[in-house]
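2 protein chains.
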Amino acid sequence: MIKELQQQVEQKIASIQWIQEPKGLYDPIDYVLSLGGKRIRPVLTLLACKLFSGDEKPALSAALAIEVFHNFTLLHDDVMDRADTRRGKPTVHKKWNDNTAILSGDAMLIKAYQLLQKVSSDKLPQLLQLFSQTAIEVCEGQQYDVDFENSLDVTLAQYVEMIRLKTAVLLAAALKMGALIGGATEQDADALYSYGINLGLAFQLRDDYLDSFGDAAVFGKKIGGDICCNKKTFLMITALQLAGEEDKKDLLRWMRCNDVSCFEQKVEAVLSIYKKLQIDTRCEEAIHNYFTKSVESLNNIQLSENKKDILVKFANDLMGRNS
Amino acid sequence: MIKELQQQVEQKIASIQWIQEPKGLYDPIDYVLSLGGKRIRPVLTLLACKLFSGDEKPALSAALAIEVFHNFTLLHDDVMDRADTRRGKPTVHKKWNDNTAILSGDAMLIKAYQLLQKVSSDKLPQLLQLFSQTAIEVCEGQQYDVDFENSLDVTLAQYVEMIRLKTAVLLAAALKMGALIGGATEQDADALYSYGINLGLAFQLRDDYLDSFGDAAVFGKKIGGDICCNKKTFLMITALQLAGEEDKKDLLRWMRCNDVSCFEQKVEAVLSIYKKLQIDTRCEEAIHNYFTKSVESLNNIQLSENKKDILVKFANDLMGRNS
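Protein chains in written order, with the working numbering: chain A, 1 to 323; chain B, 1001 to 1323.
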């Protein structure tokens, strides 16, 4: 079913005439939306709507609004992070320039609202409120992420709040919007939102985990990227908390070493401290806890077990598990 | 009455708790909204609402949405144009950095939608549609402005379309939104929109005019800024069209001269060609025509002459005339 919903998202994206005049504004939008990706968020919107109403079509525009919004954040984040590639292709600010990425991104945010406005007008105020609230939270999450780069005393609670804002709320809102369009009760929509938040947190922590302990071939990125750029992830924050005086001194010393020539050594040294402190196990536990919380949220929802199983399977697939 | 509405805008801005956590995101928003300015757009929204309903208060949130949106465009435009100051103060990307200007700008665009959503829900779909349409047009106008910088064959029609999108539609939409909130008929709201478009065009052409023929002391900027950076304004486009072979060659030669040391000579030479070709008179005529069209649009509106006089006076004041 997920594959089929994915195809519907692709078809809907392909059906829209993204390119208009001035081409300098619209070509990059078409480019970034054509890069593909798993379309996780719009698929969740369609899935939620279908589970509650039997039909996903009323949620198509809202699903696309979520996807266009998500791609807007990628465009602007890539400028801020000076990222050169995205999905194996040059980022918009690389292929064009910074100004293009800023302005086309702005247009995408507005386009997202235009797409959202196509939902039935009785549901518009509620969906709009949720969408804007989520959008502003994603901005807040990005700001905390930037702030944390230059801070050494980020707590675990602050970090989890940051990834909740930056990553989880959009997954959760995608689900809740689909549920509301599908006629779910406020209570069921909120339970689904909770499923999304905890799944989003588990997913982001898994990303942190794989960046240090993954198989480079499967992960698709080089191992240790977060370590090299001193990211205060779950792993590093926990390590700094648990480390004895010597290990802590070592970790801080490696974080001051930002020369590319020492990166290989740095990754090796930090990983060995992580392993000594059993940070991998700690992280696995946290992932497991959020994942369990996510699936448990489904208990409160008025849906058949068959339908809930689809959501459990989706969660397992997203986490790279075969349930 | 305008002064009083201006004060209401300031009070409304002051009443909102702009600064929240994370401060890195919200401080710049508070900063840019505190810089002041004439608040032309929100005043027009309040004025239009008051003229049709006798009360401006129902339009306060929409007026603020327009002002926050306008300031969002300034934030991002200043990054793109590398402008260092705005209203005599450092721009956000100068006081903080580019990333802050991008992200805080994004948050302002979302905030604008949140403010707009406070209008009564029966009017929300129509206002939202108008707001998004206008917002995307402003992006298109900015893109054309960027495109025209590197083009030598911009026609007058293309230029007018660019300033219509970049400047006039927001003035017009500010008026139309206020009118709709105030209960105006669609026809009256459209006539007011037309008043706004033509007033916006006249206002922008006057800005072009003053940049070349104004009194530096009154204009508040150095004369010839547009000439120095080769802006294809109404003046330059008309001059290139009317110039004989020699003058055209001269104009093109000066446009290739981008060394600061030659700017004084460049401004003097281009101005003397403008005067020879009577470009100042042409521009005055165009301003007069748009201004007349603007005021004529009021004929079709079902409002008392007293009320229309307020709009005529506003237009005259905006154009720096004493009616």
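Hints may contain errors.
Claimed, not checked - Quick list of in silico lysine to aspartate or glutamate cross-link-like pairs, EDC-like style, CA-CA up to 20 angstroms: (1) B:K1023 x A:D122; (2) A:K95 x B:D1122; (3) A:K118 x B:D1122; (4) A:K94 x B:D1027; (5) A:K23 x B:E1149; (6) A:K275 x A:D215; (7) B:K1094 x A:D147; (8) A:K38 x A:D317; (9) B:K1276 x B:D1250; (10) B:K1123 x A:D122; (11) A:K123 x B:D1122; (12) B:K1023 x A:D250; (13) B:K1023 x A:E149; (14) A:K308 x A:E137; (15) B:K1023 x A:E161; (16) A:K276 x A:D250; (17) B:K1231 x B:E1149.
Note that these hints are calculated values from the structure, not bench results. What you are looking at is a predicted structure, and each value in this text was computed from that prediction instead of being measured.
How the hints compare with the structure:
1. B:K1023 x A:D122: violated (36 angstroms)
2. A:K95 x B:D1122: Answer violated: K95 of chain A to D1122 of chain B is near 44 angstroms, above 20 angstroms.
3. A:K118 x B:D1122: holds (15 angstroms)
4. A:K94 x B:D1027: violated (30 angstroms)
5. A:K23 x B:E1149: holds (15 angstroms)
6. A:K275 x A:D215: holds (16 angstroms)
7. B:K1094 x A:D147: With Cα atoms ~18 angstroms apart, K1094 of chain B and D147 of chain A stay inside 20 angstroms; holds.
8. A:K38 x A:D317: At roughly 12 angstroms apart (the allowed maximum being 20 angstroms), D317 of chain A and K38 of chain A satisfy the hint.
9. B:K1276 x B:D1250: holds (13 angstroms)
10. B:K1123 x A:D122: holds (12 angstroms)
11. A:K123 x B:D1122: Holds, because 12 angstroms separates the two Cα atoms, which is no more than 20 angstroms.
12. B:K1023 x A:D250: violated (32 angstroms)
13. B:K1023 x A:E149: holds (15 angstroms)
14. A:K308 x A:E137: Given pair K308 of chain A, E137 of chain A is violated - Cα atoms ~28 angstroms apart, limit 20 angstroms.
15. B:K1023 x A:E161: holds (16 angstroms)
16. A:K276 x A:D250: holds (13 angstroms)
17. B:K1231 x B:E1149: The given pair, whose Cα atoms are some 6 angstroms apart, holds under the 20 angstroms limit.
Of the hints listed earlier, those the structure fails to meet are numbers 1, 2, 4, 12, 14, in rising order.
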